[in-house]
Amino acid sequence: MMMATARSAFSEAVIEKVKERIEEQPCVSVLADKVTVARRTVDITAVLMLMPDAEPDEIFQSFVVGAPIVKQHDGDGLAADIRDTLKRVGVVASEQVSAVAADGQYHHNDVPAKLARMLDGHSVFPAVWDHSHLMNLAESDVRKAAEMAWVQDVVDLMTAVSKRFSIGKGWEDLVACGEKRGQRPLRPKLWSETRFAAHAAQVITVFRRNLPLLCAALEERLDAEEAPRAAQLNEMKKELAQLKASQTKLVDLLERMRVALVAQFKKTPTVSELLDVSEKEELWPSLLQNRTTPPATEVAKVARYCSKLTERLQFRGRGQDKGGSQKGTSNGAIADSMDDIRCVADIQQVAVSNTPPQILARQVHEASMRLAGRKLVPLSSVPTARQIEAGIVLLRVHKARTSPELWKALVDKRGGDPEARNYGNLVTRLWLVNPPESVVESMASVIGEVFGEHRQLDHTNAAAELIVRWNGPALSNAGRLIRSVQQRLSANNTFRCTRRNVSITQAFEGTVISRHKRAPDAKACVWKV
361 MMMATARSAF SEAVIEKVKE RIEEQPCVSV LADKVTVARR TVDITAVLML
411 MPDAEPDEIF QSFVVGAPIV KQHDGDGLAA DIRDTLKRVG VVASEQVSAV
461 AADGQYHHND VPAKLARMLD GHSVFPAVWD HSHLMNLAES DVRKAAEMAW
511 VQDVVDLMTA VSKRFSIGKG WEDLVACGEK RGQRPLRPKL WSETRFAAHA
561 AQVITVFRRN LPLLCAALEE RLDAEEAPRA AQLNEMKKEL AQLKASQTKL
611 VDLLERMRVA LVAQFKKTPT VSELLDVSEK EELWPSLLQN RTTPPATEVA
661 KVARYCSKLT ERLQFRGRGQ DKGGSQKGTS NGAIADSMDD IRCVADIQQV
711 AVSNTPPQIL ARQVHEASMR LAGRKLVPLS SVPTARQIEA GIVLLRVHKA
761 RTSPELWKAL VDKRGGDPEA RNYGNLVTRL WLVNPPESVV ESMASVIGEV
811 FGEHRQLDHT NAAAELIVRW NGPALSNAGR LIRSVQQRLS ANNTFRCTRR
861 NVSITQAFEG TVISRHKRAP DAKACVWKV
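Letter by letter, the sequence shown follows residues 361 to 889 in this note's numbering.
Think of the hints as simulated: they come from the structure by calculation, not from any bench. Take the hints with a grain of salt, since some may be wrong.
Here are the computed lysine-lysine pairs in the BS3-like style, where the Cα-Cα straight-line distance is at most 30 Å [to be verified]:
id, residue 1, residue 2
1, Lys540, Lys529
2, Lys431, Lys394
3, Lys394, Lys735
4, Lys549, Lys431
5, Lys447, Lys735
The model shown is predicted, which means the values in this text are computed figures rather than measured ones.
Using the sequences plus the hints, can you model the full thing?
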């Protein structure tokens, strides 16, 4: 009972602090995704904002603001969940939102537009289809093509073999096999149909690293006294034969080709260029050792796949579904407006430009108005040319600094120029206009860990736990938060100390927390005041 009470109190204190920081900002990005945990679907909503008090390389900070159970899976229900969650932290107007990032389901259901209407309806904000999800869809589109069946065959083989040795006794067998050969295996990773952008390279890298040990481990299983059932035996023989097939010898060859191509070309080579280069044996001496294989054909297959993937990435990157509909997304508009976005928000270039401030301010103002016309920023957020000029003058005083340092000088409320700050607010909005929704997946892994540790925990408590774990300070900076919660519980007589010789603070913190208050903390800036 005390744990639930303390968790709730900590969650409320953390949310209040996040709300304070949000109210200091001109806008935030909203990130949303649905996650199914312990047979219930929750709508994790987060905000991304820029923190002036943070270290320059830590100014982008994400915060969980809620994870309610999804009761209605349609667009209106999802938009209402996000609205109620944002209201909790003081986001009640559409102009407080620089952009909303989500996956395809949210855009197919028109959630961003419905959310804008539910807030106040005064303006719309950019709706971004998360780029990592679009990469997943682009890769899936290419792999489904008939001529790319070999890619799926490779994925299926990696998955089948990796599953045998990723957990339990299989992993123990792989480790033992490595010990016999003086090698340490990496734990096999499984291919994910929905996580291509984040994990594909890791999956392939680990598989290539483990390949000799995987072959050896399969051979040992086939030679074991307790042979598996006939069906399993045949499957393992087939997998081993595929692993040892001549095509797998091309792994090193293709790696050599990749290195040579990087050195040979400054741009992405075409298929024909790859085939021309592959005939130059002096670039790849190892070709002489692989005369039984057709390297040009293998290279052509890989190159054709990469070429098709590039085409599909460009198509999907504009926020389009398979049929070409943009579903109300702003990805294409953002891509088409990058020249104007850079003109306004690339403050390092603004700082070092030789263009007179008055002329440059007019150019920046015109670019800002074009962005407002495309509904990428609210018209009310566009500063005047005079305010922009004040910002340019301030930036040039600090032109030797990095972009984050320049931004901090631009939005400084203590000693900065109030007129320049209006320009800084627009820069803030544009830096947040294309946020990564995929950070919510990391938040989802945290809530998964919570249920792994507390199997009987209900979803409301799990959401509170997620808020504390993600948003809260490291133990080295937890003193202020702990005192705040202690005062909150003591005021309503919820917390009682049962030992007279122990102070409330000591009892509340406990020896574990007190002992670990030393770790560095990226979110320390949130808890300084």
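We went through each hint and held it up to the structure:
1. Lys540 <-> Lys529: holds, 16 Å
2. Lys431 <-> Lys394: holds, 12 Å
3. Lys394 <-> Lys735: OK: Lys394 and Lys735 at ~27 Å, within 30 Å.
4. Lys549 <-> Lys431: Roughly 34 Å separates the two Cα atoms, so the pair is violated.
5. Lys447 <-> Lys735: holds, 23 Å
The structure does not agree with numbered hint 4 stated previously, though it agrees with all others.
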